[in-house]
Amino acid sequence: MSEDVKDPRREGSLDAPFRRPIAWQDDDYYDLEKVYAELQRQFDVCHTCRRCFNLCDSFPRLFDAIDESPTGEIDGIGRKEHDHVDEACTLCDMCFLTKCPYVPPHPFDIDIPHLILRYRAAKRRAGEREFVREQLGKTDRNGKLAKPVAPIANWATARKNTPLRKLMESIAKIDAEAELPTYHSRTATDRVKRGTFPPNPQGPAFGKKKVALYATCFVDYNEPDTAVAAAKVLAHQGCEVELVYPECCGMPQLEAGNISDVAGRARRVAAAFGPWIDKGYDVVALTASCGLMMKFEWPLMLPEDASVKALSGATRDVCEYVVELNRTLGVAPGLTAVAGGVTVHHACHARAQNMGAKSLEMLKLIPDTQVELVERCSGHGGTFGVMKATHAVANKVGRAAARQMAGKNAETICSDCPLACKHLGQLLETEVKDGKNPPRQAHPIEVFAQAYGLM
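Mapping to the UniProt record's numbering: the sequence shown position 64 is 64, numbers consecutive.
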């Protein structure tokens, strides 16, 4: 037993934090009265601490609601205020990871992101669902439908197509000013076929490393160049590379509280990667949110599932993997400077993996190139960043990061999260001064591929 548990009078915690398994298969998990009571209990601890006041909009909403309530205490707020706090949470995990001194094993047992997840799951079971958000979250279906008509889909959803975007805003409540992802007729799985990028026999990893790239839904349908760049970079190191994409990891469904759906995806994706892991392949995720799901969220949902556990242990973020290659085997020679410098946004879901700023470490390997880091939240949060109800909040939260990036004056910005990069790029349109062009947007692995002359 930890000292915290033995002595609850201790302030804060000096023991390593951990997360409890998500009890989504228990009926009590969905009991709204019990959820309300737990919200009040944990929010009361937050109210008396307030360290998280500057992370996102959820905590200021909570603190303002309490301060403006008749009692000035937690008993002065209720369901309406709970919903207002819930609306602003993007499940970024920054409060749990970077701020809160009361996470387990401390007896206060605070985990706001997973409590918000439970609240959403309970409301969903009670019949409260957001139709448009749930449809936007069906990324595989949407990508397959858009693929054969990609140019038309992109024209219809372009921000400059004001009439259609205003119509979309009035019907679907998707903000007309939000930049939306574009689709491609040739997806990542079309472009990275078996044998397309053979391993470099001169690479330091030749004959030693085999990689199964998890394409992710966003990269497959919306940013296939990221998969091409990753495959080229890893093949250049001598790795044998295969692109594998069974289906979406379920992050959109997690945000909606549809945990049973996510658990089903976890089982199926883990089963699909099992044979690759058995053959000695490392699994490499191309976006931060998907890596977070595979490494951490899925095992908390299915702690007894051996396949999920094996996949978690075998999974690396793509930048993390390149840094590990450099540490153990070295990377192939031939990196050249990237003109104009690079500013790296350390996405929240990369930070939540507690692995360090691996995208920064990787890009620092590029010679004669100024590489700087910004660690503020982009504010995007998936569907949160595009819906009319929350787009302004996403802009508010992300503006600090955009201003920091503008101050770096780099010609390229990149992020472990492609949606964060797109959102920050849009915010930079108003932050870049003196007639300068906004910086180009890229994934860190694309910048690394450029430094090798592979893209």
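Treat the hints with care, since some could be wrong.
Stated by the list, open to error - When the alpha-carbon atoms are kept at most 27 Å apart in a straight line, the in silico DSS-like pairs for lysine-lysine are as follows:
{"hint": "1", "residue 1": "K279", "residue 2": "K309"}
{"hint": "2", "residue 1": "K388", "residue 2": "K80"}
{"hint": "3", "residue 1": "K309", "residue 2": "K364"}
{"hint": "4", "residue 1": "K123", "residue 2": "K173"}
{"hint": "5", "residue 1": "K123", "residue 2": "K193"}
{"hint": "6", "residue 1": "K80", "residue 2": "K147"}
{"hint": "7", "residue 1": "K408", "residue 2": "K388"}
{"hint": "8", "residue 1": "K166", "residue 2": "K396"}
{"hint": "9", "residue 1": "K309", "residue 2": "K210"}
{"hint": "10", "residue 1": "K396", "residue 2": "K364"}
{"hint": "11", "residue 1": "K138", "residue 2": "K193"}
{"hint": "12", "residue 1": "K147", "residue 2": "K388"}
{"hint": "13", "residue 1": "K309", "residue 2": "K208"}
{"hint": "14", "residue 1": "K99", "residue 2": "K396"}
{"hint": "15", "residue 1": "K210", "residue 2": "K364"}
{"hint": "16", "residue 1": "K279", "residue 2": "K210"}
{"hint": "17", "residue 1": "K160", "residue 2": "K144"}
{"hint": "18", "residue 1": "K166", "residue 2": "K144"}
{"hint": "19", "residue 1": "K80", "residue 2": "K34"}
{"hint": "20", "residue 1": "K147", "residue 2": "K173"}
{"hint": "21", "residue 1": "K388", "residue 2": "K123"}
{"hint": "22", "residue 1": "K99", "residue 2": "K144"}
{"hint": "23", "residue 1": "K138", "residue 2": "K408"}
{"hint": "24", "residue 1": "K396", "residue 2": "K160"}
{"hint": "25", "residue 1": "K408", "residue 2": "K396"}
Stated by the list, open to error - Derived Cβ-Cβ restraints for the label pairs, each shown as a range:
{"hint": "26", "residue 1": "D27", "residue 2": "E73", "range": "29 to 35 Å"}
{"hint": "27", "residue 1": "A158", "residue 2": "A392", "range": "28 to 34 Å"}
{"hint": "28", "residue 1": "N437", "residue 2": "E372", "range": "16 to 22 Å"}
{"hint": "29", "residue 1": "K396", "residue 2": "K433", "range": "19 to 25 Å"}
{"hint": "30", "residue 1": "P105", "residue 2": "S69", "range": "43 to 49 Å"}
{"hint": "31", "residue 1": "N437", "residue 2": "G330", "range": "57 to 63 Å"}
{"hint": "32", "residue 1": "P70", "residue 2": "A37", "range": "17 to 23 Å"}
In short, the hints are calculated from the structure, not lab data.
Backbone N, C-alpha and C fix where the C-beta goes; we use that ideal spot for every residue, glycine too.
Cross-check of the supplied hints:
| no. | hint | result |
| --- | --- | --- |
| 1 | K279 to K309 | 17 Å, holds |
| 2 | K388 to K80 | 20 Å, holds |
| 3 | K309 to K364 | 32 Å, violated |
| 4 | K123 to K173 | 21 Å, holds |
| 5 | K123 to K193 | 43 Å, violated |
| 6 | K80 to K147 | 41 Å, violated |
| 7 | K408 to K388 | 30 Å, violated |
| 8 | K166 to K396 | 22 Å, holds |
| 9 | K309 to K210 | 20 Å, holds |
| 10 | K396 to K364 | 30 Å, violated |
| 11 | K138 to K193 | 25 Å, holds |
| 12 | K147 to K388 | 26 Å, holds |
| 13 | K309 to K208 | 24 Å, holds |
| 14 | K99 to K396 | 20 Å, holds |
| 15 | K210 to K364 | 24 Å, holds |
| 16 | K279 to K210 | 9 Å, holds |
| 17 | K160 to K144 | 24 Å, holds |
| 18 | K166 to K144 | 25 Å, holds |
| 19 | K80 to K34 | 16 Å, holds |
| 20 | K147 to K173 | 24 Å, holds |
| 21 | K388 to K123 | 21 Å, holds |
| 22 | K99 to K144 | 40 Å, violated |
| 23 | K138 to K408 | 37 Å, violated |
| 24 | K396 to K160 | 22 Å, holds |
| 25 | K408 to K396 | 20 Å, holds |
| 26 | D27 to E73: 29 to 35 Å | 31 Å, holds |
| 27 | A158 to A392: 28 to 34 Å | 21 Å, violated |
| 28 | N437 to E372: 16 to 22 Å | 19 Å, holds |
| 29 | K396 to K433: 19 to 25 Å | 20 Å, holds |
| 30 | P105 to S69: 43 to 49 Å | 32 Å, violated |
| 31 | N437 to G330: 57 to 63 Å | 36 Å, violated |
| 32 | P70 to A37: 17 to 23 Å | 20 Å, holds |
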